[in-house]
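Fit chain B to the given chain A structure using the hints.
Protein chains: 2
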Amino acid sequence: MDLRSLGLEARQAFDILSRSDSKVRERAVLAIGDELAIRLDEITMANAKDIEAARESGLSESLIDRLTLDKPRITGMIHDVKVLAELPDPIGSTFDERILPNGLRLSRRRVPLGVLGIIYESRPNVTIDVAALAIKTGNTVILRGGSETIQSNLVLVDVVKAALGRVGLPQSAVQFIENPERALVGEMLRLNEFIDVIVPRGGSQLHDFCRKNATIPVITGGIGICHLFVDREADLEAALPVIHNAKTQRPSVCNALDTLLVHEAIAQEFLQKVVDHLAPSGVTFRAEPKAISVVHHPAVQPAGPEDFDTEWLSLILGLKVVRDLDEALDHILTHSTNHSDGILTENQENAARFIEQIDSAAVYVNASTRFTDGGQFGLGAEVAVSTQRLHARGPMGLPELTTYKWVVIGDYTVRE
Amino acid sequence: MDLRSLGLEARQAFDILSRSDSKVRERAVLAIGDELAIRLDEITMANAKDIEAARESGLSESLIDRLTLDKPRITGMIHDVKVLAELPDPIGSTFDERILPNGLRLSRRRVPLGVLGIIYESRPNVTIDVAALAIKTGNTVILRGGSETIQSNLVLVDVVKAALGRVGLPQSAVQFIENPERALVGEMLRLNEFIDVIVPRGGSQLHDFCRKNATIPVITGGIGICHLFVDREADLEAALPVIHNAKTQRPSVCNALDTLLVHEAIAQEFLQKVVDHLAPSGVTFRAEPKAISVVHHPAVQPAGPEDFDTEWLSLILGLKVVRDLDEALDHILTHSTNHSDGILTENQENAARFIEQIDSAAVYVNASTRFTDGGQFGLGAEVAVSTQRLHARGPMGLPELTTYKWVVIGDYTVRE
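Taken in order, these protein sequences are the chains called A and B.
For the record, in the first sequence the residue sitting at position 137 is 137 according to this note's numbering, with numbers rising by one throughout.
For the record, in the second sequence the residue sitting at position 11 is 11 according to this note's numbering, with numbers rising by one throughout.
Simulated from the structure, these hints should not be mistaken for lab results.
Please read these numbers as outputs of a predicted model, since none were measured by experiment.
Here a beta-carbon is modelled for each residue, glycine too, at the ideal position from N, C-alpha and C.
This list has only true hints and no planted wrong ones.
Label pairs and their calculated CB-CB ranges:
1. 42(A) x 356(B): 38 to 44 Å
2. 71(B) x 16(A): 50 to 56 Å
3. 79(A) x 327(B): 44 to 50 Å
4. 356(B) x 313(A): 42 to 48 Å
5. 76(B) x 4(A): 44 to 50 Å
One chain only, chain A, in its complex shape (with noise of 0.2 Å):
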């Protein structure tokens, strides 16, 4: 099928779903959640090809974690899809109520986003993820999944278009551009008349690729150069675990910890510790001079120029000492890519004065970076996680695949 009729269809769908039943939209979602259970090994089947495929043409090992699906992960999405299904649904809720002086009733009330474009590559868990989020809202969707998963996306759409008919939704809502050549995205970031926005899941080349070239809103993020800054008043022994899970947790992902700022009135005695205490997990850190000076590990080297400004997506830690709550708040403004930040302290004014300079889409208190996640924050999986600042920022998750209409109730009232 032409990527116009795909997309007409897309938008004929969402003139349905947006006005289906809330009960049948949550019973679609349970469906997925039922499918996936019992097509189970077919799953895995096709999963086991996209490994092969990846085995044979290089991939990393650390992309083909990404990619698999085995029966763990699988059982992981069932249960995901289950507690998503259960949400309270936003449609229809209304906000913002008020009376006008003449007599004017306005109110606000929330309706889905419309015809979502997901640019995606590697986790085939996305396809489950977006399509759920978005039936769940009433919201349809075209994928465009990366090539290296082809065999398992294909299996997943077949999986949520058979739940989509098992409710008598229309199949049409979640559609999936099989085509793998590139030439096509390009087209679909021109189908303005049928997509409502695109959001790119994937490096910072596709971002630039779809911004360029897209017709349609484009929504950036999930990419995350991300600080903790260890104040002076910290709590140092509870300051240590947090700092290891936000590093070492899931070191591959946008949230994990990136850089490690460090009050100088502690580094002396600090430093050293945080190396002992996440060396042994595989850590390797990237010390400014300052902080070369007080610790002696093998696993430290000095830190050159870029590596403020890199996102690890690995077990490496960038180590800098700052002289204070400034400092801290001049390198974060500057180097971060407005994430997720965060700040160790029982002061409680640098607590405020850091939650209010740092702009970042999460500012955090004495807490790990890793909580930056739809799942985490309760909004039901995400769609993705936005670092710019228009529609959503953080994490995108039910609530932020909505949008509302003003519903304006008169006496045959007019204008003056």
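Just chain B now, with coordinates in the frame of chain A:
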């Protein structure tokens, strides 16, 4: 100054404005009102030059009316600015507060949207509206006005800069592109490094140009093919002034009525009344065959094939008889630009169905469509009226110039 430097300055000014005190921003907006009053004669003199040039180049009287700034209009602007200054500031407010099962305290905090890029034509009051809204909410703005109002705009921008200077905010918070070259618009649309959103205010050609060339999300809107459906159970006497108001109160704007749909059960009686009531105000009619057959008036002529897809912006009104609510819904869903559409009815069920089914930015029951306006909705003027779905729909006032950041407070909390 080249455009990149101008963008950089606006971005740097945003770092200051976005962290500035709400009271200071309020005083800046009040100062705009004061400066407008002080420099009233200077403004009208500059505006006279624009009018003269417009006459020389043969602009229509209705366009000249749009760009005219006389004393009553400036007095109106001063009043509106003072009202805006004292509206509640949305910045810093917190919403969606909750405590997660792991003890994390999660909330969203309202912050300014960023650097706005506004491209507009004719009406110089937009300069003041946009600048005041932006400053009030801690945003900065790059303005690109039309060449036909350049003299007026230069003085108005100077007024805003003086006001910013008075309260110690950076004058670079409001930038104006003086150079009339069209190529600069193209360049502006690719300044994604500095500009967060582009809002075009003009015809569909300008919107298409922005969509095609921007590497920044574009909020399109301001084009309204607006409908009212008179149901069989409407209060017909009360309906007449609503229709009159929607069509004639200001026919040149986007929320004016374009098409009147009438239930066939009342068409015979009611359509003649509509024509008799509106024709004396200069309204002429384009009626489809069924409507033609029940009215008799020289102001009524047969509708052409494009007439129900035309935004009239003048005293023309399309007339159509429909079988029932369903046909009215079908017609609106096919021909509306999703701006403002309404039903006139005493039937609560039909009103509810209309609200449910019509997915326009503003949906009306028993009111004139002329209310879709930031000032009327109590948002404090408007930057534009959005008819796209991302971020904002309908009038974009104070709340629509904000975004949020997530604030996450823990007790050295780690992700399991």
